[in-house]
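Colleague: Each chain, letter by letter, is given below.
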Amino acid sequence: MAELKDGCVKPARGPIVPTTESPSAAGGAAPSAAGKEVPMLARVGHEAIDFEANAYIEGVGFKPVRLSDYKGKWIVLCFYPGDFTFV
Amino acid sequence: MAAVAALYDEFKALGVEVLSVSTDSRFVHKIWQEQELSKMVPGGVPFPMLSDPGGKIGSVYGVYDEAAGVDIRGRFIIDPDFVIRAMEVLTPEVGRNPEELLRQIKAFQHVRATGEVTPSGWQPGQTTLKPGPDLVGKVWTVWKPE
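Same order as they appear, the protein sequences are chains R and W.
The first sequence lines up with residues 1 to 87 when you count with the working numbering.
The second sequence lines up with residues 1001 to 1146 when you count with the working numbering.
The hints are simulated quantities; they were obtained by calculation from the structure and are not laboratory data.
Certain hints may be false.
Straight-line C-alpha distance at most 20 angstroms; calculated PhoX-like pairs for lysine-lysine [what the hints assert, rightly or not]: (1) Lys71(R) to Lys1106(W); (2) Lys1106(W) to Lys1012(W); (3) Lys1030(W) to Lys71(R); (4) Lys1030(W) to Lys63(R).
In this text the structure is predicted, and so the values were computed from the model without any measurement.
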């Protein structure tokens, strides 16, 4: 029963921030702590922040995707405001 | 998203993996694909559509709007060393230009392969610059804005 394996609530890991790169500039906030405001860490010329997210993939179905799975390739990461929006 | 999907063959030809991210669930992504995207682009969006509930991923990438509860329009080019090479962030009402995204990828790939640098608006085949002491003050001899 594949359907049952993918229930409604299936948390993915979200951002995976290396502990050695914990930002000291942002008041020492722990980026992965639940509920804490997360500082922007992405900067050009610096390593991308890894993360894991649940995904829908055409022809595959539902699958967790980790950004670092694509390490070694060129990646375009596109954020957008929402499905069924107008632009 | 549909505009990027429509040019997907070009991204593939450049060896680029595309990932889209919004705060919608993977279930909504599936229905959006079935109900709308597949009618805009043959076959729909061919790349993984990622879910960022709560905007935690968007936050570390600087694109999460806490008031609206969504990830705004931001796109990042990441090279094979996992280094972010470019970012572009827009408020939601203006869409992206995928042609410019392709142009930037081609330029970054050229730079990576040759060590040359590309002037403003560079397209493949056009003049590149070879930085060094001899070029200082002499860029005008090899390149001018059109």
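Colleague: Now tell me if each hint is right for this structure.
Modeller: Here's how the hints hold up against the structure:
1. Between Lys71(R) and Lys1106(W) the alpha-carbon distance is near 18 angstroms, which keeps this suggested pair within the 20 angstroms criterion.
2. For the hint pairing Lys1106(W) with Lys1012(W), the CA-to-CA distance comes to about 12 angstroms; that is within 20 angstroms, so the pair holds.
3. Among the hinted pairs, Lys1030(W) with Lys71(R) is inconsistent with the structure: their alpha-carbon atoms are about 26 angstroms apart, more than 20 angstroms.
4. Simply put, Lys1030(W) and Lys63(R) have alpha-carbon atoms about 12 angstroms apart, close enough for the 20 angstroms limit, and the pair holds.
In this structure, the one hint that does not hold is number 3.
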